[in-house]
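Engineer: Just need the whole structure built from these sequences, with the hints factored in.
First to last, the sequence lines map onto chains G and U.
Residue numbers are given in the numbering used here: position 52 of the first sequence equals residue 52, and the series is strictly consecutive.
Residue numbers are given in the numbering used here: position 1 of the second sequence equals residue 1001, and the series is strictly consecutive.
Simulated from the structure, these hints should not be mistaken for lab results.
There's no promise every hint is true.
To be verified - Taking CB as the label site, the calculated pair distances span:
#1 Ile1034/U to Glu154/G: 45 to 53 Å
#2 Arg1256/U to Asn190/G: 30 to 38 Å
#3 Ile1034/U to Val127/G: 37 to 45 Å
#4 Phe1182/U to Glu13/G: 49 to 57 Å
#5 Ser1368/U to Ala74/G: 39 to 47 Å
#6 Ser4/G to Glu1078/U: 21 to 29 Å
#7 Lys1110/U to Lys138/G: 53 to 61 Å
#8 Val1035/U to Val127/G: 29 to 37 Å
#9 Met33/G to Ile1070/U: 15 to 23 Å
#10 Glu1400/U to Asn190/G: 36 to 44 Å
#11 Asn1322/U to Lys284/G: 47 to 55 Å
#12 Val127/G to Ser1368/U: 46 to 54 Å
#13 His1273/U to Asn280/G: 39 to 47 Å
All residues carry an ideal CB built from backbone N, CA and C; glycine is no exception.
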Amino acid sequence: MFNSIEDTIQQLEKQRYICSKEIATTVYLALKMQKPILVEGPAGVGKTDLGKCIAQALGYELIRLQCYEGLDEAKALYEWEYAKQLLYTQILKDKLSKILEDQATLKDAVNKLSTEEDVFFSEKFLVARPILKAITNKTPSLLLIDEIDKSDSEFEAFLLEVLSDFQVTIPEIGTITAVNKPFVLLTSNNAREMSDALKRRCLHLYIDYPTKELEEQIVKLKVPECGNYLIKEIINTIHEIRKLPLKKDPSISETLDWAKALALLGCEVLNRNIAIDTLNFILKYEKDIELVKKNINTIIVH
Amino acid sequence: MMYDKSFISEEDKAKAVFFEFAEVLKKAGVDISIVEIMDMLHALPFISIAEKEIFKQTLATTLVKDYTDIPIFNQCFEEYFQRKKGNDSLLDVYTSHTNAEDFIFSQEEKSFLESLIDDFLESHPQSFFKKSNEYLTKILIDEIQSSEAGGAIGLSLFNRRSRFASGGADDSTEQELSPQVFEAIMGMLRRRMFERNMGKAIKQREEYLLNKYIYQLKPDEIKEMRELIKRFGQKMKNRISLRKKRVKHGTIDIKRTLRRNLQYGGVPFKIFHRDRKVDRPQLVVMCDISSSVNQYSRFMLLLTYTLQSLFAKVRSFAFISNLVEITDLFREMDPERALNSIFNDTNFTYGWGSNYGNSFNQFIHNYSDALTHKTTVLILGDARNNNQDPGLDSFIKIKERSRNIYWLNPDRKHLWDWSDSIASVYIPHCTEMREVKNFLDLSNFIDTLFIQKK
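Structural biologist: Written out as structure tokens, the structure is:
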């Protein structure tokens, strides 16, 4: 457990994750209040990484659920292991007939059998998928539900029970309540808006592109082979580029890629020619590259 | 009627400030329910309110659930907590704020004063309120005292000696208001002004823009609307996707069921349904952008852009006398740049005004592959053909090859056919021609488009 907001920042830094005060505040509060966090923001600002690093810092087991269109309860929560059930019935055939032997009529036999059916719908035949796993885990865990916006709205509705009460209902068994409440982190790329009901159950965190200082720290930490001087230039350039009306702004992960590439190329200063040649590391649209090239003189001084 | 103020604890007073702040946000159009407010109150004990960044983030993370509302939150936060008490610590703001009001006035008097303040705010032009708070409060008090409106409560208000006033002030009715009363009234005035300006103003502005007649939009208003349209577009998309998903499961998929159940000896333990094809509308949007100076065409393009970002399969075309496909342009650029480059494109020949006939011919000639029996064609334009050939044959061909053809006309209905508009030539061949004069009309139209499809 983090002791304070300051402590949150430091602990995460030990996991090589630099976070702003805003991020730390929300994480700290969510832990204290035992509430899930819904993390939104542009792609590549470290939403998923945040989850991974919190898990590491706290020593929680990370259970990850990647969402996609068509994801249903069977994939996310639990599934009955039909094959195993079938196999057991086959093997236990003799035993079954012994039990049913002394029943006179078919009706009695069915009645007798139904008293035993609990056996076949017990936890032995249950395959736990991520959500059930997180809830039944013996040690505390962090449930990372990634890209929730990709899932269907039915799935979202189904998540509500999990998020508010940390419990799931399996019709054949009953309601299973969490032993250790998992810390839940949901990430979204804003492909669609989440329902109000879901948002209401979460704290909301919007991670935007970082400030210059923060991004500089991140690059220094992750790509130390880039000299401090070059890093400063890269960051200044990136921040200038983000001011242009681009289709897709370069994110942190792209900044890191670029820094790594420039370090490999043995650059010491960032000049226009090198920048133009390597623009495809940070920009993913042809039209964006054109635009930056056009404005290169105002972006880079030498 | 005065109830004893001593029952109100310090904590409640602090809470009152937070409730009020939530109220301001609500008025600004941020969706806040009781759950959010409870969360905020639960969160506050965990943090130190003296640290501004942390305090701000705590409010944001618990209250604001829609990231598009964050700019509004920031604006409200700065105004509410900064302006109130200059450089004093935030802690002071909570405790001092409601104190004065609550000590001096009863609940009844307070609401009475508030209504007077509201009248005062409405009876003066906006520019008047740029004056200092002290000045405004003096005017307010003068107005109340000189008017009859004050009545009995008014008199008792102003004649009361404040509890804080030093003991033996003289009893003449003409006495000056005690500084505490003055201070309290000023506080209330400031708060009312602030609430009106912040919350309501933002909301009203949005509604004003959404309802404004397209022809009358000014250039900077269109810029302002971009964010708004984006947000509305997102909400619309969400609504539509909810509706789509409800009809997902179809009949049993025999092939898949058999194959997957082979592992259970062919016993169909698990039934697989054929996913009913999600009905993604295929749209072809044709947008008249003639009279390029006219704001209307910019707005229309903005709508086209919104449509394209809403649906997966949209092809967009723009025309004046020639037709050009702009789908890729919209896909690659942000709207502002796309719009500029469309107007700078040399493919359009200006001067002759729009030629619907020629454009329809070109469409059939070059782009008829865009049409299938699932396609819905939207035409955005005023049908003013500058007395040229209407190209009705091509238009009918487009109709025959598509599922629906809607014409969204920004002109008011009684102006159709006026001057060189030939709306009635096309009407019999359209599924419907509709008057779309502001953004709300368009949003309603898109909604109905999805209800009709089963």
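Engineer: Each hint: holds or not?
Structural biologist: Each hint, compared with the structure:
1. Ile1034/U to Glu154/G: 45 to 53 Å: violated (26 Å)
2. Arg1256/U to Asn190/G: 30 to 38 Å: holds (33 Å)
3. Ile1034/U to Val127/G: 37 to 45 Å: Hint holds: Cβ distance 39 Å, inside 37 to 45 Å.
4. Phe1182/U to Glu13/G: 49 to 57 Å: Holds: the Cβ-Cβ distance is about 52 Å, inside 49 to 57 Å.
5. Ser1368/U to Ala74/G: 39 to 47 Å: holds (44 Å)
6. Ser4/G to Glu1078/U: 21 to 29 Å: holds (26 Å)
7. Lys1110/U to Lys138/G: 53 to 61 Å: holds (57 Å)
8. Val1035/U to Val127/G: 29 to 37 Å: Roughly 34 Å apart at Cβ, these two residues keep to the hinted range, so it holds.
9. Met33/G to Ile1070/U: 15 to 23 Å: holds (21 Å)
10. Glu1400/U to Asn190/G: 36 to 44 Å: Roughly 40 Å apart at Cβ, these two residues keep to the hinted range, so it holds.
11. Asn1322/U to Lys284/G: 47 to 55 Å: violated (32 Å)
12. Val127/G to Ser1368/U: 46 to 54 Å: Given about 52 Å between the Cβ atoms, the range holds.
13. His1273/U to Asn280/G: 39 to 47 Å: holds (44 Å)
Hint check: violations occur at hints 1 and 11; the rest are consistent with the structure.
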